[in-house]
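Turn these sequences into a full structure, and let the hints guide you.
Protein sequence lines, in the order shown, are assigned to chains A and B. Heads up, the final residue of the first sequence is numbered 219 in the numbering used here, and it's a clean run with no missing numbers. Heads up, the final residue of the second sequence is numbered 994 in the numbering used here, and it's a clean run with no missing numbers.
I should point out that these hints are in silico values taken from the structure, not numbers from a laboratory. Please note that the accuracy of each hint is not assured.
Straight-line distance between alpha carbons at most 20 Å, and here's what the computed EDC-like set of lysine to aspartate or glutamate pairs gives [stated by the list, open to error]:
1. Lys-918/B with Glu-730/B
2. Lys-894/B with Asp-799/B
3. Lys-514/B with Asp-410/B
4. Lys-800/B with Glu-895/B
5. Lys-514/B with Glu-80/A
6. Lys-514/B with Glu-77/A
7. Lys-514/B with Asp-131/A
8. Lys-151/A with Asp-513/B
9. Lys-918/B with Asp-585/B
10. Lys-151/A with Asp-131/A
11. Lys-151/A with Asp-478/B
12. Lys-894/B with Asp-875/B
13. Lys-894/B with Asp-910/B
14. Lys-514/B with Asp-409/B
15. Lys-151/A with Asp-753/B
16. Lys-918/B with Asp-590/B
17. Lys-514/B with Asp-478/B
18. Lys-151/A with Asp-185/A
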Amino acid sequence: MSPQRPELEIVDDADGRTLRLRGSTEHHVYVDADALATSSADTTLTVDTIVIGSDEADGRDAADAMAADRLLRVAAEAVEAVADAPSGSTQVIGDGMVATLCRAMVGPVDEDAGRPAAVIVTSGDAQAVLDASQRLSDRGVLVLAGGGDLKMDLYADVHRRGLRLVGIRPLAVHRDGSPDQADHDALAQNARAALGVLGDGEEAAQASWYRVTGDARLA
Amino acid sequence: MDMSERTLRMLYDRASTVLSARGMTRPMILDAGREAWWWLQARSQAVKNRGGLHQGVGIVWTAPGRAELLPVEVPAAGTGEVTVEVATSVISVGTERARWLGAPNARVRPPYRPGFSAAGTIVAVGPGVDASRVGQRVAAWEVAHQSVLTVPQTQVAAIPDGVSFDDAAAVHLGIVAGFGIELGRIATGDDVTVIGAGLIGLIAQRMAQAGGAGRVRVVAPSRSKESAVRRAGGVFVTLDELVDTELDPVVIEASGGDDAPLTAASLTSPGGRVILLGSVRAPSSTLPVRTIRDKGLSLVGAHIAMLDAADGPDGRGVVARRYLDGLADTSLRVDDLRSPPVDPSAPTPVYRRLAHDRGLILGSFDWRLVDSDERLGRGRLVRIPDVRARGVEYRHHPLPPGGSRSPVRDVAVSEALLHTDDRPAVGDLRVAMVGCGEIAMQNAAAVRAAPNARLVGCFDTNATLARDLAETFETEVAPSMDALLERSDVDVVVLCVPHHVHADLTVRVAEAGHHVVVEKPAANNLAEAVRMADAAQRCGVTVSVCFPQRYDPPVVAARRLIAQGALGDFAGAAITYYADKPPGYLTGGFTGRSASTWRTSRAHAGGGVLMMNMPHYLDLVRYLSGVEVSAVSAVTARIDGQGDVEDSIALTMRFDNGAVGTLLACSSVRGTSLKELRLWGSDGHVEVEPDPRMYSVRKVDGFRPTRWQHFGDLPAETYRADYFTRLASRLARGEPPEITIADGLAVQAITEAAYRSVDTGRMVSPAELLGEARR
Chain A
1 MSPQRPELEI
11 VDDADGRTLR
21 LRGSTEHHVY
31 VDADALATSS
41 ADTTLTVDTI
51 VIGSDEADGR
61 DAADAMAADR
71 LLRVAAEAVE
81 AVADAPSGST
91 QVIGDGMVAT
101 LCRAMVGPVD
111 EDAGRPAAVI
121 VTSGDAQAVL
131 DASQRLSDRG
141 VLVLAGGGDL
151 KMDLYADVHR
161 RGLRLVGIRP
171 LAVHRDGSPD
181 QADHDALAQN
191 ARAALGVLGD
201 GEEAAQASWY
211 RVTGDARLA
Chain B
220 MDMSERTLRM
230 LYDRASTVLS
240 ARGMTRPMIL
250 DAGREAWWWL
260 QARSQAVKNR
270 GGLHQGVGIV
280 WTAPGRAELL
290 PVEVPAAGTG
300 EVTVEVATSV
310 ISVGTERARW
320 LGAPNARVRP
330 PYRPGFSAAG
340 TIVAVGPGVD
350 ASRVGQRVAA
360 WEVAHQSVLT
370 VPQTQVAAIP
380 DGVSFDDAAA
390 VHLGIVAGFG
400 IELGRIATGD
410 DVTVIGAGLI
420 GLIAQRMAQA
430 GGAGRVRVVA
440 PSRSKESAVR
450 RAGGVFVTLD
460 ELVDTELDPV
470 VIEASGGDDA
480 PLTAASLTSP
490 GGRVILLGSV
500 RAPSSTLPVR
510 TIRDKGLSLV
520 GAHIAMLDAA
530 DGPDGRGVVA
540 RRYLDGLADT
550 SLRVDDLRSP
560 PVDPSAPTPV
570 YRRLAHDRGL
580 ILGSFDWRLV
590 DSDERLGRGR
600 LVRIPDVRAR
610 GVEYRHHPLP
620 PGGSRSPVRD
630 VAVSEALLHT
640 DDRPAVGDLR
650 VAMVGCGEIA
660 MQNAAAVRAA
670 PNARLVGCFD
680 TNATLARDLA
690 ETFETEVAPS
700 MDALLERSDV
710 DVVVLCVPHH
720 VHADLTVRVA
730 EAGHHVVVEK
740 PAANNLAEAV
750 RMADAAQRCG
760 VTVSVCFPQR
770 YDPPVVAARR
780 LIAQGALGDF
790 AGAAITYYAD
800 KPPGYLTGGF
810 TGRSASTWRT
820 SRAHAGGGVL
830 MMNMPHYLDL
840 VRYLSGVEVS
850 AVSAVTARID
860 GQGDVEDSIA
870 LTMRFDNGAV
880 GTLLACSSVR
890 GTSLKELRLW
900 GSDGHVEVEP
910 DPRMYSVRKV
920 DGFRPTRWQH
930 FGDLPAETYR
940 ADYFTRLASR
950 LARGEPPEIT
960 IADGLAVQAI
970 TEAAYRSVDT
980 GRMVSPAELL
990 GEARR
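What follows is the structure, encoded as structure tokens:
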């Protein structure tokens, strides 16, 4: 019988926000910083995670590398969705590793280009999605690489303006296989370098993604 | 703000000040401003085009729930433009319904010119027009419902041979649906789900099929459109029957429902596309981010405002031609979706139906039904704009002294409306007056004015009054009541006596073989009125209750208009009577001619203001509506020192057909004299008093629909004389009077029910009381 696949939950209670790791601790568990910023009215929220089984990777370093690859894969998919946007007209909203990788791939934003033709949202904050939709130019592309359901004026903010919303599947459903990315090695290396750790029950230092080894307090 | 904007703003502010000083409210000024703007716009464009103006008619929503056909002006075709005489314009059912109902995200401010799509014939082309010619049949989009249009040639597409105006006129909807299909990038054989079976949804279904889609499934909340879906070879499923596992790579959301995006995302297979074609009306609805991400979906907003942005200025033309070509090669058909085109002359009923009839798919206006001289004519560049407010009920707002600038239009009542009986007056009715007080003087004058009646005698227990009346009207005073009744040269006796003696005297007169006219009310109570009716039947004479207001010109006109359908289904009536009666009224009437205290006694008078003054109005409501009162409740108020009769009464009425009514009558509203009578129904509203006028969505004799119109110049009031003239003619012909004791009984039953309600605190049925009285 295989060990229970772990899940991460954010619990909101009187003591503040706590990240709880449920299930087997034999797996390697990773989470993007933006996933921890996900807002919800629920007091308990399941978080989008990367789980790599102990039988999938030969040790922690290998698991870290595989997790970085999956982050890169998600970022590559998001960037592919905005391939038609003119250079410099794609903004990325988020503070996690997927956002960092996306920025690295789409290049700098041309501040003089006016409203962006595309926005990639990795943040889990609903307000970020709303802001992005309103910031986009008409017929722009809004890539949803984070977050959950939200309420908005679909007529004014999506229908009337001809926006295209593209959903990027969650980290949890992406599997092995390196993305076809020209500067893959450099990006993956940068990602591994930015990895933080959560799990000693204390609040961790800020990082753009984390290996989770146990419960932790969130800021 | 540039110079011209500043100038316009200054002019607007100045005009607002002037109009405000003339009693116009802010909504009226806004209404006038829009009107002036249209006026200015047409002229500035005409000058720019170096051409003139065409005049036609168009539909304008002038107030919430009101649509009118009004003159419109369009500039002659300028460079690159064409002028089209419209044959058909199509109603965009979903959007126009939403706007008409003021749905969120769809609000428009009257006056507003609705419309989307039309088809007609080019009657003129401007310089530089190369793709169109005069006489060509074209479909046009983004246009208002009006009989003539001038639009850029890029806003029309030629109608292929064999395609009707009616089918082509739905071109705008074809563009909307076609744009959605285009964004769906449907591959040959792809299964497609369309959510919503409105016109856009159905056209999308048919265009998807014509484009090579596989199975096309249409999902709707009810089965009302199922046959339309199946007729075209689609699969129909109700929302309740949906099975989550049936997922399609393309889902076109065409319903605009609040939860439709959620449903659409749930029905789309992983990696698929959701096309938001319907305008989501809710100001806030759920964006299903989780489902979009889990499935890796694309969700695309498909408003056609974005079409030209993508495909250049002819973007819509390309999709329009695809729609029209589909009709021509019969791969697409919409003829089975159409309701018969309607006459645009009375648009309000069309929109009312649109608002409530969810089965309506494709509606259209047939402009060929409008008179040709109204449809297309030459406009006048030099014309003062008609800035009279249309969208505001003027009576709710102050008017300048004299009210001479009323925005309500006067229309002379046609002669035909004023006559219900065209037969000449006949006979020589010999009338005797019993009771010579205040009302007897009026009746005597009326008899003298009637060409076929004459006063032959009178009697009153007060000899002074009798002598006065006899001298005034050159008749003789009978020495006694019996002496009067014994006379063989008397045909009818008019009883102008206190209410409590009506019945006794009626019985005496009837038994003497004379017809009776009794001044209203019939009696002081219902049982006495029944006794009068019985006596008439027993003695073979007629008893007519004097309700002469039925012959008052506004009432005659109202009756005829209502009979012609001006109200539609009668829905309600309101009577208001505010009087500031003189202190001596209860002891001497309005004139003080006859001093008596009978008016202060419920036993004698039967009641207060309801019994003394309201029978005419209660009779008029019955007479005009043709419907009887089925239940009554009332409360009254008395004033100390004025006997046991009410000074004021508030009455609510339920009518046999479910309509409702109110009566508020007060004898002591200081400084005021107001009489108001209005009736309304599903389609119209008639005000009989104080300002005779009508509003109807129907086209009724001499009146244009959907605007308030005064009855115009009415003849002088001669209704009391008319009453005697018609009574004389009827009796001379051996016919019963037009107004009989039955009418008196009906009104008496209502008043009795009102007083019974006051006593019991319950609603009371007049018919049940009448039944009891007859037993």
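Status of the hints after comparison with the structure:
| no. | hint | in the structure |
| --- | --- | --- |
| 1 | Lys-918/B with Glu-730/B | 51 Å, violated |
| 2 | Lys-894/B with Asp-799/B | 12 Å, holds |
| 3 | Lys-514/B with Asp-410/B | 17 Å, holds |
| 4 | Lys-800/B with Glu-895/B | 17 Å, holds |
| 5 | Lys-514/B with Glu-80/A | 16 Å, holds |
| 6 | Lys-514/B with Glu-77/A | 13 Å, holds |
| 7 | Lys-514/B with Asp-131/A | 23 Å, violated |
| 8 | Lys-151/A with Asp-513/B | 18 Å, holds |
| 9 | Lys-918/B with Asp-585/B | 16 Å, holds |
| 10 | Lys-151/A with Asp-131/A | 13 Å, holds |
| 11 | Lys-151/A with Asp-478/B | 11 Å, holds |
| 12 | Lys-894/B with Asp-875/B | 25 Å, violated |
| 13 | Lys-894/B with Asp-910/B | 10 Å, holds |
| 14 | Lys-514/B with Asp-409/B | 18 Å, holds |
| 15 | Lys-151/A with Asp-753/B | 75 Å, violated |
| 16 | Lys-918/B with Asp-590/B | 14 Å, holds |
| 17 | Lys-514/B with Asp-478/B | 18 Å, holds |
| 18 | Lys-151/A with Asp-185/A | 39 Å, violated |
Of the numbered hints listed earlier, those contradicted by the structure are 1, 7, 12, 15 and 18.
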